[in-house]
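Participant: Quick note on numbering: the sequence shown equals residues 1386 to 1558 in the working numbering.
Everything labelled a hint here was simulated from the structure, so no lab data went into it. You can trust all of the hints, since none of them are fake.
Taking lysine-lysine and the DSSO-like style, the derived pairs with C-alpha atoms no more than 27 angstroms apart in a straight line are:
#1 Lys1552 <-> Lys1480
#2 Lys1406 <-> Lys1466
#3 Lys1429 <-> Lys1541
#4 Lys1541 <-> Lys1480
#5 Lys1480 <-> Lys1523
#6 Lys1526 <-> Lys1480
#7 Lys1552 <-> Lys1428
#8 Lys1406 <-> Lys1541
#9 Lys1400 <-> Lys1390
#10 Lys1395 <-> Lys1428
#11 Lys1523 <-> Lys1552
#12 Lys1425 <-> Lys1516
#13 Lys1466 <-> Lys1496
#14 Lys1395 <-> Lys1418
#15 Lys1406 <-> Lys1428
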Amino acid sequence: MELLKERIRKDGVVKEGNVLKVDRFLNHQMDVKLFREIGKEFKKRFEGEDINKILTIEASGIGIACVVAEIFDVPVVFAKKTQTKNIAGDVYTTKVESFTHGRVYDIIVSKEFLGEGDHVLLIDDFLANGKALEGLAKLVKDSGAELVGAGVVIEKGFQPGGDFLRKQTHLES
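Model the full structure from these sequences, guided by the hints.
Facilitator: Laid out in structure tokens, this is it:
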């Protein structure tokens, strides 16, 4: 998507350790008009797919996932990184390693919001090593839902996540 490439060239900064800083428009300050264009592109790329739920992980994926969910006219669910008092009862959980934060999280989704009959599209802001999306895919599998695919705003093609995920599902970035 040329609009996104232009924005990365204009406002993106490569930091030490292959970290691409795009907080001016993607994951701190959010350009919702750009998100809408990205969402429309995902809609085209997953045209004809039966999708009834968007799944992402907190926190940076939530903004783009909400806009994509609006365009698909489906709800969005986000995996939480901590168990809170308002998530009680049955949950799906798995561990994921964050490339950016350099730590392992337990991610949690209530069984109330994910299960058999759901056709899930994963959405996230970045794909590096693929551990976050791999963890989300595991939650989908554990729930009995169907993983339709994954949409990522920015894929770091020099890291292994994309190759791994393309073997598992339909990946667009």
